Amino acid sequence: MFNLKSLSKAIIGMIHVAALPGTPKSRCSVQQIVDRAVREASEYLEAGMDALMIENMHDLPYLKERVGPEVISAMTAVACALRPLSSKPMGIQILAAANKEALAVALCSGFDFIRAEGFVFGHLADEGYIDGCAGELLRYRKSIDADHIAVFTDVKKKHSSHAITTDVSLSETIQAAEFFLSDGVIITGTSTGKEPSVNDVQAAHATTSLPVIIGSGISATNLEKFWPWADGFIIGSAFKKKGDWKNEVERERVMKLLEKVHMLRNNHLT
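Under our numbering, residues 1 to 270 are what the sequence shown spells out, in order.
Simulated from the structure, these hints should not be mistaken for laboratory data.
Computed from a prediction, not measured in an experiment: that's the story for all the values here.
Mixed in with the good hints, there may be bad ones.
To be verified - With beta-carbon atoms standing in for the labels, derived distance ranges: (1) 139 to 266: 41 to 47 Å; (2) 122 to 224: 33 to 39 Å; (3) 266 to 122: 42 to 48 Å.
Backbone N, C-alpha and C fix where the C-beta goes; we use that ideal spot for every residue, glycine too.
Start from the sequences and build out the full structure, keeping to the hints where you can.
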């Protein structure tokens, strides 16, 4: 199984796949979608990214926990086009909380990990109520012989209300995720592009031996303050023009952040 801690503070470049067939904002053919993803992946890899990840974020408004075969097929086409580009780790998330579908795509394309929503406890997302899925998801992973694919799990995730679990702390949620066999926990801010609380990341680091991944809001200006406490960083918005996830990758932004990474690694702050 892919172990994030085998990398030195992994920088995971997010590719926001163009709106897929059948979704309200769809404008491109599948080949155009694939070509754009390959172009962004190539830019990331040429810059020295540690890992890549794909996500169907342009598919808004999102379906809840199930997506159609056209989405699964298109994401598989993208993933299979990216896999030959590099042996570096690659991962996938399919919104919203289509975790079994993400596992199936990862298996068929040779990807290394997925990002799963709603792993433990429940929360009210903007798509509606999303329930815990750990038992069903990991049984599905076993049934398709995909135990080599890591499942990284959001805890107290962004774009969600956690009022129903206010009596369950972040640390307790992480402990539950570890008990239910998560392969790594993801800490976020309140929304895409918003950094998490440093205290939350420190609490996660102190709570678990699992990899701690920051899943939103990291940029060249704030990376250093999170560096000692996280094992990986999923970064999308900061790499895009004007820092907006909807835009295309801007090489200057990528290089600026990776230069910061090299400086931190050279200073032995890992």
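Against the structure, the hints:
A hinted range of 41 to 47 Å holds for the C-beta pair residue 139 and residue 266, which are about 44 Å apart. Take residue 122 and residue 224: their Cβ atoms lie about 35 Å apart, and the range 33 to 39 Å holds. A beta carbon spacing of about 43 Å between residue 266 and residue 122 agrees with the range 42 to 48 Å that was offered as a hint.
Every hint from the earlier list agrees with this structure, and none is contradicted.
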